[in-house]
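Enquirer: One-letter residues, chain by chain:
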Amino acid sequence: MTATPQDPGPTAQDPGPAPQDPGPAPQDPAAAPRPAPRPARWWTLLGGDRFAAAAAVVLGLVLTAALLGPVLLGDAAERQDLRASLRPPSLDHGVLGLLGTDVLGRSMLARLIDAAGTTLSVALPAVVCSLVIGSAIGMWAGYHGGLRESAAMRVADVILSFPSLLLAVVALYVFTPSVANLVLILAITRIPVYLRTARAEAAELRSRLFVDAARTFGAGSGATIYRHILPITLPTLLTVATVDFSFVMLTESSLSFLGIGIQPPDVSWGLMVAQGRQYLQTAWWIAVLPGVAIVITTVSATIIAAWARLATDPAQRWRLTAPRARRARANRGETPS
Amino acid sequence: MTVPTPAAPPSGAEPALEVENLSVDLNTASGTVRAVDGISFAVRKGVTLALLGESGCGKSMTALAVAGLLDPVAEVAEGAVRVGGTDVLRLGRAERKRLAGPVLSIVFQDALTALNPVQTVGAQLGEPFRIHQGLSRRKAREKAVELMRTVGIPEPRARARSYPHQFSGGMRQRLLIAMAVALGPDVLIADEPTTALDVTVQAQIMQLLADLQAEHDMAVVLITHDLAVVAERADNVAVMYAGTVVETGPVHEVFAAPGHPYTRGLLDSVPENVDRGQRLRSVPGSPPELTAIPAGCVFQARCPMARDRCAEERPALTPAGPSRAAACHFSEELASA
Amino acid sequence: MPDSPGRSDTPDAPAVPDATAATGSAAAPAASAAQAGGPLLSATGLRKSFRVAGGNGGKADLTALDGVDLHVGRGETLGLVGESGCGKSTLARVLLLLERPDAGTVRFEGTDPFALRGRDLLKWRRRVQMVFQDPFASLNARMSAADIIGEPWRTHRDAAPADRDQRVRELLDLVGLRPGDARRYPGEFSGGQRQRLGIARALALGPELIVCDEPVSALDLSVQAQVLNLLADLQQRLGVSYVFISHDLSVVRHVADRVSVMYLGKVVEHGPTESVFERPLHPYTAALMSAAPSLGAARSGRRILLSGEIPSPLDPPSGCRFRTRCRQATDLCAETPPAPAEVREHHETLCHFPLEGAPAGA
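These protein sequence lines are chains A, B and C, in that order.
With this note's numbering, letter number 90 in the first sequence gets 90, and the count goes up by one each step, no holes.
With this note's numbering, letter number 242 in the second sequence gets 242, and the count goes up by one each step, no holes.
With this note's numbering, letter number 34 in the third sequence gets 34, and the count goes up by one each step, no holes.
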């Protein structure tokens, strides 16, 4: 006999607004019927968050400057003019004089733009390399556990037990100080940060039921990590990476200061801070402006990371589309419940 | 050990606990919603009232409101909670505190989180005596040991020095009950006291509660989702749905001839009442979100007998017979069907 | 416990030298053969223990399964009842190859799934699926309903339908969800709907056996009935078999054709549902049924109230596992573990003094 269910199924008659509605509406009676069932596009979400949008614009500007700067500026960053030495920021000396000049009369603006390229070309590859390698090993170790986990963790401990600056100093004295070597050293010393984070998250996720469910289909460990562990761990890792981004920039500047990082005439923000330190009393802008550039860039990256964390989580995404006032209330209300 | 099932309820005159038109507002991520909407009930000494309902129906919120433990997630919007004649909602914090224990106390579902993990159970059980009766540490401990003996914990003197995690789930629940009845309250609220326990242990705990109730002549409010527990352990029942009471009355009358289609639906959903292989008559759909309670009858969307009137007008809890009431426009029709 | 005095009473444990104290390894397959023309799945003498940190800083063995036998015929539902710590969830995990048993055999239509590798193992995986207890934790909250249901096809590419979207809609329809739900995320579904989603995922590969581990215990009563009806419909329509694990006796009584009652890693009673519930043979089964609250107001007045709680599986009692809580335990029970005995037809128990004909709790 064929079972034609008399039970019409729960959803067939379900009156609640929840079933029809894709995003925030279950929590949100005020938002009237929302016809488009698709989740909002990411740029719509970005536009809804003023801070994240501003941060994205800043990061875009920095990237553009780093990429196009050398083309647009020509040799402006190296052109010396001793008569214009230590000019404070002012509007009187054209665009290049906007942010003042350094002791050799070079335009600060041009040097900042030039340094952006160098800084990013060291920090970005270093962060990306350590992120990719550290996370991959960490998730693999955490998911499998046992011997593999112990081995990976011991290696991480060994790397961590050396002060990373010391390691870099030793290595860069032995090898030629070049951008490639600098990236390599910075990447290796930062791997444990991601390895440990990824391992902890993966070890926790490995015992979750949906991972068991994937195993009952016969999904291999690689597929399970890719489908279940990575998407959940990634936002955390990206947040760690943005924080680490500033750390790497500062380490690079320390190494440059010691003379084993970026070699003049190349210039990076960190190097500029280091060089400007002796003029702090007389010409504050030489050290402060590159410092401000570092801070603005890292803060923007952090804001974007926090935003991405919400935007990639289906359960949290509604916070980005909800009107501002309600969101503020939600943030206050979420702690006690 | 074999024990008889509890006898019929003794009758008293004045209700020990009277809840009148109680409403509770819950602060959620997306604003304030009404979790409990104008409910009333009363319990006399020696009588057990069951608040029966499914998750999210507001039964636990009601318990917390009565016990004065709503902060900070929710607040009482209106209504009165009279314990022995005085409205506890009008009392100040200090006066209220004096009532907690000697007059009204509560047993929670989750015994592990309700006990302090870093304090010995002897000290915790002695606390009510130290606070309310000003006993010395030594005397309070004696009382605690005595209490542990009454709730059936073997070797109470030695076990008083143990910490909560050293007890099994059933024993922890006994400890919580011991703490609640320590000062011989008039009203005991038991919020799902056996939900986390195994069947054989659940039977022991329910028996313990019944014994203590008889001994102290307490009014008990038993909050549960389990129809069978209600059938066996309660004298009266208030069936809750979406924040309202939809039916009240003596358990045996209500379960024999329900006056509300929701009660009927619940009873029909119990597999025990249906032969093997037969379909269960389930209630279609799921309860409405608190943010989307319909204007008319709260149950209309899942009700097999819903008509136009149900969408327009919310039925009041109207008396049907000497001790029963139901909130349905067509409860007479249901009774005769 | 490896050294418990139970080694002698299984002369017939096949191919498993350590299958001690197995419950009736001879009787069980015979019974199933009579019923269903060869079982779809059978397990014999399953044992599994875990190393855990012991009380005094050392390591101890937690015996989760201690010689468990079971068999499931085609289109049949086997109910597994027991309280926490009885090993029923470990048994489910062994049947799904999530844990490897220390001893014992699993046969699925005669083949041992633990011996399969590569493509053969993947093929086998399609035939046995699982529905998990917790509809919240068993779904990845970051995947849409369509991704969740379609996940098995990402591993089993050759089993994937040509039109995945169409098949996802069909599966959603089959479990009583709407096609439009495919794009929603688990957080937007109610508990019952999520469990339907979990069932749809289990059906994606067209399994012959579904192991349901407490599939309705996290659900409200009215929703629980919907899901039980759904499982019954699917069985009639698709002919799947179920191993249905639950602590709720009324649910098991409603869905199961045969019932196994577990206590501390052993099956203490096994038989046809009616026989087990009407006339239980093992004192534990009788106590369990008596303890379970019931709507039937006409309880006979006396209920068997077990004293104490389940002993720690780290240190199970000698002899009969249940003797510490059993009213009729004797010295014999402390010394010798009882051997399985078929007291009535297809109805066997692990007790020296079965309650033949004793009145049940109701």
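Hints are computed from structural coordinates only; laboratory data are not their basis.
Here a beta-carbon is modelled for each residue, glycine too, at the ideal position from N, C-alpha and C.
Treat each hint with caution, since some may be false.
[Stated by the list, open to error] Partial list, derived from the structure: chain A residues whose beta carbon lies under 10 Å from chain C: (1) Phe51; (2) Ala180; (3) Gly218.
[As the list claims (entries may be wrong)] One-sided and incomplete, this derived list gives chain C residues near chain A with beta-carbon spacing under 7 Å: (4) Leu96; (5) Met130; (6) Asp134; (7) Asn140; (8) Ala141; (9) Thr155; (10) Ala182; (11) Tyr185; (12) Leu305.
Enquirer: Holds or violated: is there a CB of chain A closer than 7 Å to the CB of Thr155(C)?
Expert: With a minimum Cβ separation of about 5 Å from chain A (threshold 7 Å), the hint on Thr155(C) holds.
Enquirer: Does the closest beta carbon of chain A sit nearer than 7 Å to the beta carbon of Ala182(C)?
Expert: 10 Å, violated
Enquirer: Using the nearest Cβ pair, does Leu96(C) come within less than 7 Å of chain A?
Expert: 5 Å, holds
Enquirer: Less than 10 Å between beta-carbons is the criterion; does Phe51(A) satisfy it with respect to chain C?
Expert: 24 Å, violated
Enquirer: Go through the hint on Gly218(A) and say holds or violated, using the shortest Cβ distance to chain C against 10 Å.
Expert: 4 Å, holds
Enquirer: Would the hint on Tyr185(C) stand, with a C-beta cut-off of 7 Å toward chain A?
Expert: Since chain A brings a Cβ to about 4 Å from Tyr185(C), closer than 7 Å, the hint holds.
Enquirer: Next item in the hint list is Leu305(C). Is there a CB on chain A closer than 7 Å to its CB?
Expert: With a closest approach of 34 Å, the Leu305(C) hint is violated.
Enquirer: Regarding the hint that Met130(C) lies at the interface with chain A, is the smallest CB-CB distance below 7 Å?
Expert: 5 Å, holds
Enquirer: Should the hint that Asp134(C) touches chain A count as held when the rule is a Cβ pair under 7 Å?
Expert: This interface hint holds because 6 Å falls under the 7 Å limit.
Enquirer: Holds or violated: the hint that Ala180(A) contacts chain C, with Cβ atoms closer than 10 Å.
Expert: Violated: closest Cβ of chain C sits about 37 Å from Ala180(A), beyond 10 Å.
Enquirer: Does the interface hint hold: is Asn140(C) within less than 7 Å of chain A, judged Cβ to Cβ?
Expert: 4 Å, holds
Enquirer: Tell me if Ala141(C) is really an interface residue toward chain A, meaning its C-beta lies closer than 7 Å to one of theirs.
Expert: Holds: closest Cβ of chain A sits about 6 Å from Ala141(C), inside 7 Å.
Violation of the numbered hints given earlier is confined to hints 1, 2, 10 and 12; the remaining hints are satisfied by the structure.
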